[in-house]
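Trainee: One letter stands for each residue in the lines below.
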Amino acid sequence: MGDTEIKDGLLYSAEHEWVRVEGDTAVIGITDHAQNALHEITFVEISEVGTVLKANDECGLVESMKASSDIFTPIAGEIIKVNTDLEDAPETINEDCYGKGWMFKIKPSNLEADLAALMDGNAYKAFIESE
Amino acid sequence: MLERTQIYEWHKEHGDLVDFVGWEMPVRFSDIREEHMAVREAVGIFDTSNMFRFFIKGSQAREFLQSITTNNVSNLDINGGQYTTCLNEAGGIHDDLMLYRISEDEYIWITNADNGPKIRDHLLTHSKGFDVEVLDRTKEIAMIAVQGPKALSLLGKMSGKDMNEFGRFTCNPLTIAGYDTYLCRTGYTGEAGAEVLVLNCSKSDEGKKRAIGFWKELLDQGAEYHIKPCGLGARDSTRLEAGFVLYGHELDEETSPIEAKIPYAVKFKVEPHYIGYDAVQSHKKEGVKKTRIGFVMIDRGIPREKYPILFNGSEIGMTTSGGLSPTLDKGIGMGYVPPDTIDIGDVIEIDIKGRHRRAEVTKWPFYDPDKYGETRTR
Chain A
26 MGDTEIKDGL
36 LYSAEHEWVR
46 VEGDTAVIGI
56 TDHAQNALHE
66 ITFVEISEVG
76 TVLKANDECG
86 LVESMKASSD
96 IFTPIAGEII
106 KVNTDLEDAP
116 ETINEDCYGK
126 GWMFKIKPSN
136 LEADLAALMD
146 GNAYKAFIES
156 E
Chain B
32 MLERTQIYEW
42 HKEHGDLVDF
52 VGWEMPVRFS
62 DIREEHMAVR
72 EAVGIFDTSN
82 MFRFFIKGSQ
92 AREFLQSITT
102 NNVSNLDING
112 GQYTTCLNEA
122 GGIHDDLMLY
132 RISEDEYIWI
142 TNADNGPKIR
152 DHLLTHSKGF
162 DVEVLDRTKE
172 IAMIAVQGPK
182 ALSLLGKMSG
192 KDMNEFGRFT
202 CNPLTIAGYD
212 TYLCRTGYTG
222 EAGAEVLVLN
232 CSKSDEGKKR
242 AIGFWKELLD
252 QGAEYHIKPC
262 GLGARDSTRL
272 EAGFVLYGHE
282 LDEETSPIEA
292 KIPYAVKFKV
302 EPHYIGYDAV
312 QSHKKEGVKK
322 TRIGFVMIDR
332 GIPREKYPIL
342 FNGSEIGMTT
352 SGGLSPTLDK
362 GIGMGYVPPD
372 TIDIGDVIEI
382 DIKGRHRRAE
392 VTKWPFYDPD
402 KYGETRTR
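If you're matching them up, the sequences are chains A and B in order. The first sequence begins at 26 in the numbering used here and counts up one residue at a time. The second sequence begins at 32 in the numbering used here and counts up one residue at a time.
Treat the hints with care, since some could be wrong.
Said to hold, decoys possible - Here are the computed distance ranges between Cβ atoms for each label pair:
(1) T29(A) - G318(B): 51 to 59 angstroms
(2) E44(B) - E30(A): 19 to 27 angstroms
(3) D95(A) - D377(B): 26 to 34 angstroms
(4) G124(A) - D193(B): 50 to 58 angstroms
(5) N81(A) - T393(B): 35 to 43 angstroms
(6) V327(B) - A92(A): 17 to 25 angstroms
(7) D95(A) - P303(B): 50 to 58 angstroms
(8) K79(A) - P148(B): 32 to 40 angstroms
(9) G191(B) - D95(A): 50 to 58 angstroms
(10) A114(A) - D251(B): 34 to 42 angstroms
(11) K79(A) - Q252(B): 57 to 65 angstroms
(12) S345(B) - K132(A): 35 to 43 angstroms
(13) P148(B) - K150(A): 37 to 45 angstroms
(14) K132(A) - A121(B): 26 to 34 angstroms
Said to hold, decoys possible - Straight-line Cα separation of at most 25 angstroms, DMTMM-like style, residue types lysine to aspartate or glutamate; simulated pairs:
(15) K384(B) - E116(A)
(16) K337(B) - D49(A)
(17) K384(B) - D95(A)
(18) K125(A) - D377(B)
(19) K320(B) - D377(B)
(20) K43(B) - E30(A)
(21) K43(B) - E83(A)
(22) K43(B) - E156(A)
(23) K337(B) - E83(A)
(24) K384(B) - E40(A)
(25) K361(B) - D121(A)
(26) K43(B) - D28(A)
As the list claims (entries may be wrong) - Under 7 angstroms between C-beta atoms, here's a sample of chain B residues computed to sit facing chain A:
(27) D62
(28) G264
(29) I329
(30) I333
(31) R335
(32) L355
Hints in this document: simulated from the structure, not taken from any laboratory. This one's a predicted model, so the numbers in the text were calculated from it and none came from an experiment. Cβ atoms here follow ideal geometry from the backbone N, Cα and C, with glycine treated the same way.
Looking at chain A on its own, in the form it has when it is part of the complex (with noise of 0.2 angstroms):
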């Protein structure tokens, strides 16, 4: 599998999402180590843009050559955008999970106590090892 990349200055869920807070938007995709483990991605489904979501709420799908995976967004609120250049390129979360490869953006409305609920960076490296 190789090294998982894992970005400082992100927050990360058990279910393999980042969020990164921009202003008053919190910005999600999937792991480097998910990236990895799910391994050629051939397509992604996100939930529509007005859609109020719960913290752990599905939220949409990642599909792989192998299997079907659900994805849930960390953070309650309004999904405000789509990276809708994943709908012909989803192989761009491959390439580029913390970057390109970002999936949507909320608009939180309860970011501190989602927040307070994710991992940092040393904390998500030790459980994807004791996985």
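Once you have looked at the hints, place chain B on chain A.
Mentor: Just chain B, lined up with the frame of chain A:
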């Protein structure tokens, strides 16, 4: 403790391993799509040593085998082979298998990995009263599938034989690059090729070295044909694209071969009648409750097994397999619906985790048979 094939040490070094029905097997060596396209356009090799290989010998071997399998065993000449099924009393499928006749009174039965122990018990139970001996030689023989439009060129080069001598479904002893084998002219990808039984490959260090030696010889000599080692991911995607049934998905104890639409595996002018004969005969004559269909997605989305199938807004069945077809770059799948509810060309919907997506009912294989597959024309 997971079981391992004779070639495991090589897989561990070069592939990503997964637990597959109790066997530690490679899911991929590079990318599943690359491996898949190597099989469609060049040649790929699969370690299928986890399948079970039973040798059945004796003066009543034919009668015994006919009493438990659905194809016509009498049609098998020496060095012939056939795809067949083994049924329960109700006509449900115990397993699907390849049966080869290797001498006057000896046959090889090759069965699915996860059904191996069940079939071994079945053979031992039902062989009582017949003059026949059943030997499980799974652990003495490695099995490698060599598949793709260049597969026979490669095996011809390695054996020094003209592969045209060996017709489809035959099984012949053949020395390939110094290794004693049975060359079975069969496969599970839709492409030309063979499944090679490599003899004298026990799970001793020497046996493993031999099996890995043959595997590496294929890769070395196949380099000029752009050969790729392939894992279970490509094995599933190639069989799905060919429209082949897989036990545990399209086949199970509740499904008959008539329902599964594999009528070529079932014959009725046979003696003795096999277990399940009356049940499948009634399926054939009086009809079935469900029938297998194939479909290609019209909308975006990838079908998987156990997704509801809808027609005119009502749920009519369930999918049994699904995935992305690399040659079509679309989702494809198979499933069961009641007979006479839909036709080829009808538009159905697949419930993909709550999202209803349109698909067209089609024939299999799903790939373009002019461009791909054993009977390709270009």
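Trainee: Each hint: holds or not?
Mentor: Results of checking the hints against the structure:
1. Hint check: T29(A) to G318(B), Cβ distance near 55 angstroms, so the stated range 51 to 59 angstroms holds.
2. The supplied range of 19 to 27 angstroms is met by E44(B) and E30(A), whose beta-carbon atoms lie about 24 angstroms from each other.
3. Under the hint 26 to 34 angstroms, the C-beta atoms of D95(A) and D377(B), about 30 angstroms apart, fit the expected range.
4. For the pair G124(A) and D193(B), the beta carbons lie near 55 angstroms from each other, so the given range of 50 to 58 angstroms is met.
5. For N81(A) and T393(B), the Cβ-Cβ distance of about 39 angstroms falls inside the hinted range of 35 to 43 angstroms, so the restraint holds.
6. V327(B) and A92(A) have their C-beta atoms about 20 angstroms apart, which keeps the hinted 17 to 25 angstroms range intact.
7. At about 52 angstroms, the beta-carbon gap between D95(A) and P303(B) stays in the expected band of 50 to 58 angstroms.
8. A hinted range of 32 to 40 angstroms is violated for the C-beta pair K79(A) and P148(B), which are about 46 angstroms apart.
9. The hint said 50 to 58 angstroms for the Cβ distance between G191(B) and D95(A), and at roughly 54 angstroms that hint holds.
10. The hint said 34 to 42 angstroms for the Cβ distance between A114(A) and D251(B), and at roughly 36 angstroms that hint holds.
11. Here the CB-CB span from K79(A) to Q252(B) is close to 59 angstroms, well matched to the stated 57 to 65 angstroms.
12. At roughly 39 angstroms, the beta carbons of S345(B) and K132(A) sit within the given window of 35 to 43 angstroms.
13. For P148(B) and K150(A), the hinted distance range of 37 to 45 angstroms is satisfied, since their beta carbons lie about 41 angstroms from each other.
14. Hint check: K132(A) to A121(B), Cβ distance near 58 angstroms, so the stated range 26 to 34 angstroms is violated.
15. A C-alpha spacing of about 22 angstroms is found between K384(B) and E116(A), which places the hinted pair at or below 25 angstroms, so the restraint holds.
16. Our distance criterion of 25 angstroms between C-alpha atoms is broken by K337(B) and D49(A), whose separation comes to about 41 angstroms.
17. At roughly 9 angstroms between alpha-carbon atoms, K384(B) and D95(A) fall within 25 angstroms of each other, so this suggested pair holds.
18. For the proposed pair K125(A) and D377(B), the alpha carbon gap of about 39 angstroms is over 25 angstroms, so the pair is violated.
19. For the suggested pair K320(B) and D377(B), the alpha carbons sit about 20 angstroms apart, so the restraint of at most 25 angstroms is met.
20. Between the alpha carbons of K43(B) and E30(A) the distance comes to roughly 23 angstroms, so the proposed pair stays at or under 25 angstroms and holds.
21. Between K43(B) and E83(A), the direct Cα distance comes to roughly 35 angstroms. Violation of the 25 angstroms bound is thereby established for this hinted pair.
22. Note on K43(B) and E156(A): the hinted pairing holds, with a Cα-Cα distance of about 20 angstroms set against a maximum of 25 angstroms.
23. Simply put, K337(B) and E83(A) have alpha-carbon atoms about 19 angstroms apart, close enough for the 25 angstroms limit, and the pair holds.
24. Restraint check for K384(B) and E40(A): satisfied, since their Cα atoms lie roughly 18 angstroms apart, inside the 25 angstroms limit.
25. Of the supplied pair hints, the one linking K361(B) and D121(A) holds, its CA atoms being roughly 24 angstroms apart against a limit of 25 angstroms.
26. A distance of roughly 17 angstroms separates the Cα atoms of K43(B) and D28(A); the hinted pair therefore holds under the 25 angstroms criterion.
27. Taking 7 angstroms as the C-beta contact cut-off toward chain A, the hint placing D62(B) at the interface holds, the least distance being around 5 angstroms.
28. With a cut of 7 angstroms, the hint placing G264(B) at the interface with chain A holds, because the nearest CB-to-CB distance is about 5 angstroms.
29. A hinted interface residue such as I329(B) counts as satisfied when its beta carbon comes closer than 7 angstroms to some beta carbon of chain A; here the least separation is about 15 angstroms, so the hint is violated.
30. Nearest Cβ of chain A to the Cβ of I333(B): about 4 angstroms, under the 7 angstroms cut. The hint holds.
31. Hint on R335(B) holds. Least Cβ distance to chain A is approximately 5 angstroms, under the 7 angstroms limit.
32. The closest approach between the C-beta of L355(B) and any C-beta of chain A is roughly 5 angstroms, which is under the 7 angstroms cut-off, so the hint is satisfied.
Of the numbered hints stated above, those contradicted by the structure are hints 8, 14, 16, 18, 21, 29, listed in ascending order.
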